[in-house]
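Undergrad: For the sequence shown, full-length UniProt numbering begins at 1 and goes up steadily by one.
Please keep in mind that the hints were generated in silico from the structure rather than gathered at the bench.
Just so it is clear, CB atoms sit at the ideal spot from N, CA and C, and this is done for glycine as well.
It is possible that some hints are incorrect.
Here are the simulated distance ranges between beta carbons [claimed, not checked]:
id : residue 1 : residue 2 : range
1  : A592      : Q374      : 52 to 58 Å
2  : Q376      : A186      : 15 to 21 Å
3  : E179      : S370      : 38 to 44 Å
4  : E482      : P594      : 29 to 35 Å
5  : Q376      : S180      : 47 to 53 Å
6  : H543      : E521      : 20 to 26 Å
7  : H543      : P518      : 22 to 28 Å
Taking lysine to any residue and the SDA-like style, the derived pairs with C-alpha atoms no more than 20 Å apart in a straight line are [to be verified]:
id : residue 1 : residue 2
8  : K386      : V294
9  : K133      : K111
10 : K585      : T519
11 : K111      : K318
12 : K345      : T285
13 : K217      : H238
14 : K273      : T285
15 : K462      : L558
16 : K217      : A202
17 : K386      : L365
18 : K345      : I293
19 : K542      : A487
20 : K273      : R112
21 : K273      : T159
22 : K318      : T280
23 : K573      : L558
24 : K239      : E63
25 : K274      : T288
26 : K318      : P336
27 : K93       : S161
28 : K93       : N47
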Amino acid sequence: MHHRKEIPANIPSAGHMPRISTPAVVSTESEAARIRFTTTNDAYAHNIYRGVLQDGDINRFLEETDSYDLPENKWSIPDFPTSTGELLGSVYKVVSSVIRGFVRPEEHGVKRHIINTRDSHPVKVDIHAERHKIPSILIQAAGPSFETPSDPQSTLASTESHGSVGYSNVASFAVVKLESELGTAADNLEEAESYARQIFQAQPNRAYVRALILTEKHARLLHFDHAGFQVTPLIDIHKNAPSLVRLITGLSSMDERLLGLDDSVQWTIVDGKKSQGHLTTTGPTGETVTYPIVEQIPIPRDTILSRATTCWRVKDPKTSENYVVKDSWREDSLPPEHELLEHVKGIPGVVHMVSFEADRGEVRLFRCPSTTCQYQNRTASRVMMKAYGKSVEYFRSILQVLYAFRDAIAAHQHLVERGILHRDISLNNILLGEDDSPEGERGVLIDLDMAFRATDTQPTTKTDHTIGTRLFQSIHVLHSCELKERAFDHDYLDDLEAFIYVFSFIVLCYRPDGSPIPTKEEGPSLVWSWAQEVPSSARARKHTFFGAGTLVFRSFRLVQSTWGPACGDLFNKFRRWIFQMRNKKATLIATAVPGAETNPLESLHSCRAEHYSTVIAMFDAAIDAVRLAVASPSNEHKEEVNPPPTPVKRVSGHTSRLPGSATALLTPPAAQMTAPPPPATPLSPNRKRRSTEIGHPDAPQNKRRPTKGPACSP
1 MHHRKEIPAN IPSAGHMPRI STPAVVSTES EAARIRFTTT NDAYAHNIYR
51 GVLQDGDINR FLEETDSYDL PENKWSIPDF PTSTGELLGS VYKVVSSVIR
101 GFVRPEEHGV KRHIINTRDS HPVKVDIHAE RHKIPSILIQ AAGPSFETPS
151 DPQSTLASTE SHGSVGYSNV ASFAVVKLES ELGTAADNLE EAESYARQIF
201 QAQPNRAYVR ALILTEKHAR LLHFDHAGFQ VTPLIDIHKN APSLVRLITG
251 LSSMDERLLG LDDSVQWTIV DGKKSQGHLT TTGPTGETVT YPIVEQIPIP
301 RDTILSRATT CWRVKDPKTS ENYVVKDSWR EDSLPPEHEL LEHVKGIPGV
351 VHMVSFEADR GEVRLFRCPS TTCQYQNRTA SRVMMKAYGK SVEYFRSILQ
401 VLYAFRDAIA AHQHLVERGI LHRDISLNNI LLGEDDSPEG ERGVLIDLDM
451 AFRATDTQPT TKTDHTIGTR LFQSIHVLHS CELKERAFDH DYLDDLEAFI
501 YVFSFIVLCY RPDGSPIPTK EEGPSLVWSW AQEVPSSARA RKHTFFGAGT
551 LVFRSFRLVQ STWGPACGDL FNKFRRWIFQ MRNKKATLIA TAVPGAETNP
601 LESLHSCRAE HYSTVIAMFD AAIDAVRLAV ASPSNEHKEE VNPPPTPVKR
651 VSGHTSRLPG SATALLTPPA AQMTAPPPPA TPLSPNRKRR STEIGHPDAP
701 QNKRRPTKGP ACSP
């Protein structure tokens, strides 16, 4: 159903963001140091929470409190504190008095407490860990979106009266600094960014985080959302005491929406822990339905600036059918995902949308109006989709892998025939179909957020190294980093090349029974060498994967000896075919007449149907060979038709920092481990944008055999 549900101004909507089996980028540079921030006008900090308190109430408080000297217009903070500790003690008393005066619980179980982290019982942490530094002041929260830390490692501090506090039960925070050590706005953002990021990670229904920088003289409001960061100019806390009162009250509010939380996702809290969750959204027939949450699908959140995709598995309270609800924040320059999903409805092996909510909120509504044109606005959306199986890396048999790739490639062909390029073929975007799925539905393509839809006015799009997952990007896509405006067009062959990298990941990093191969062995080491953060380095590593070098032969022998002759033959043929197609493509581009109106790749693209037929036939042949091996008990690589009753556990790995991909979108409730981590080099996902989804099948796909012809055959 096409249904629109708007979220009022300054009220957040969607949650946060995907991936469970790809590693993160290792970087010593903070996100704040890389991202340009905006600065509000002078009035913003004074007006943002003006509606929270009446002037008369604030004036009475300032007259009565011991924390403020009204005749002197001064808070009880020393003019020249001798240390940060002395300053923190006095600031703590001021903030405490404001919270006691104005932040009062109105519902059972909803509370706010201020924590001085220096006076609380700190938790012993690794001095090299990011969390070794914690904010000076934490606003501890209890309510339907908060829970106490799950283990000692996620506990920042504890008090005898209020228990443990961590990023999972923090409403906001303040960093207290001596005026002489204040630094610039950029310095303040860089220090606070890691705290805000960890709040986003621990609170999946967060849309923004706000915090204060406080000195003996000034305050500065910091704002973090998925479009970037915003700061206010410094305000004099003594001359503008009412403004400081409003800021503290707003950041400690009992209203979760005012804190930046999406209250369409809520939990029942039992003994400080989240128990049953509920998500309210548009149902299949357009009505508003509250669904029990079966699980939050694990998606790493390593950056704030991102699509911030969050996925929830929910159950229909009437039919007991499972769905996946995906929340994300898309850039306004990109088309809404629900439009693409509507366009591809009915394609077998492609995610099927059940309902959606468009335009649930916008970043610009959380920010100062004077900065609107200084950043890329993002809009929150929600899509509910049919639930499928796990990522292909959670296979249980050789045939399951072959079926999934075969049908996912066939689904990709159907997308291309409708003018859509996926542009993010990756490990987490190929799902296993449901058990006993018919041909065409045994593998499902998800994640169309980055897909390109050709139109009469824009029939093509350039390759872009910032789109997709580094490990699986084609060589031409990686080359776009250097070519810039001279980059080649992204075509279906780039996506087919991505399929060989995903297939290689499976057969070089796992054994046929699903158990991971140790990271230091040759197969995984080869695959993870493609995950270089620098595109040119990743491209150089991938070049060695093709051609006639010893690496080519060794990788073939690895697959053949581990997965058997059928998969070894498929691996070799598919890789060789990609190599030939890429060479043809490069030759046509190199010999093209500059300025020619015709597409230099037209002759190659005219053979598109045969190209897909050839690749699908490779998988069909491997499937037939494995089936034959199953019937032969003496075969060394006998295939298991019935999957083992207990799935093999994966070793836990690093997570990707892909901004928006719901990798595990369709991962069942059972906790799952991930693919082997990289030996040394991490995977670099796109820094621009990303996404996720789930697939839908419709009619079985007939097997096709290649049609040989002189014009198209390699």
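Undergrad: All the hints need checking, so say for each whether the structure fits it.
TA: Going through the hints against the structure:
Our hint of 52 to 58 Å for A592 and Q374 is violated, since their Cβ atoms are close to 40 Å apart. At roughly 19 Å, the beta-carbon separation of Q376 and A186 lies within the given 15 to 21 Å, and the hint holds. Hint check: E179 to S370, Cβ distance near 27 Å, so the stated range 38 to 44 Å is violated. Checking the proposed 29 to 35 Å range against E482 and P594 shows it is violated: the Cβ atoms sit about 19 Å from each other.
At roughly 36 Å, the beta carbons of Q376 and S180 sit outside the given window of 47 to 53 Å. Between H543 and E521 the CB atoms are about 22 Å apart, so this pair conforms to the stated range of 20 to 26 Å. Between H543 and P518 the CB atoms are about 26 Å apart, so this pair conforms to the stated range of 22 to 28 Å. The suggested pairing of K386 with V294 holds, with an alpha-carbon distance near 14 Å, which does not exceed 20 Å.
For the proposed pair K133 and K111, the alpha carbon gap of about 25 Å is over 20 Å, so the pair is violated. Distance hint between K585 and T519 is unfulfilled; the C-alpha atoms sit about 34 Å from each other, more than 20 Å. A threshold of 20 Å between alpha carbons decides the hint, and for K111 with K318 the separation of about 34 Å lies outside it, so the pair is violated. Only pairs whose Cα atoms come within 20 Å are accepted, and K345 paired with T285 is accepted, the gap being roughly 16 Å.
Restraint check for K217 and H238: satisfied, since their Cα atoms lie roughly 7 Å apart, inside the 20 Å limit. Pair hint K273 plus T285 does not hold up; C-alpha atoms about 34 Å apart against a cutoff of 20 Å. With a CA separation close to 35 Å, the supplied pair K462 and L558 exceeds the 20 Å bound. As the CA atoms of K217 and A202 are separated by approximately 32 Å, the hinted pair breaks the 20 Å bound.
Taking the CA atoms of K386 and L365, the gap is near 31 Å; set against the 20 Å cutoff, the hint is violated. Under the criterion of a C-alpha separation no larger than 20 Å, the hint pairing K345 with I293 is inconsistent with the structure, at around 25 Å. As the CA atoms of K542 and A487 are separated by approximately 18 Å, the hinted pair is consistent with the 20 Å bound. For the suggested pair K273 and R112, the alpha carbons sit about 16 Å apart, so the restraint of at most 20 Å is met.
A C-alpha spacing of about 18 Å is found between K273 and T159, which places the hinted pair at or below 20 Å, so the restraint holds. Taking the CA atoms of K318 and T280, the gap is about 14 Å. The hint holds against a cut of 20 Å. Proximity of K573 to L558 is assessed by CA-CA distance (about 15 Å); at most 20 Å being required, the pair is judged to hold. Pair hint K239 plus E63 holds up; C-alpha atoms about 15 Å apart against a cutoff of 20 Å.
Between K274 and T288 the CA atoms are separated by roughly 23 Å; this puts the pair beyond 20 Å, and the hint is violated. For the suggested pair K318 and P336, the alpha carbons sit about 29 Å apart, so the restraint of at most 20 Å is broken. Between K93 and S161 the alpha-carbon distance is near 17 Å, which keeps this suggested pair within the 20 Å criterion. Taking the CA atoms of K93 and N47, the gap is about 24 Å. The hint is violated against a cut of 20 Å.
Consistency note: the structure conflicts with the earlier hints numbered 1, 3, 4, 5, 9, 10, 11, 14, 15, 16, 17, 18, 25, 26, 28.
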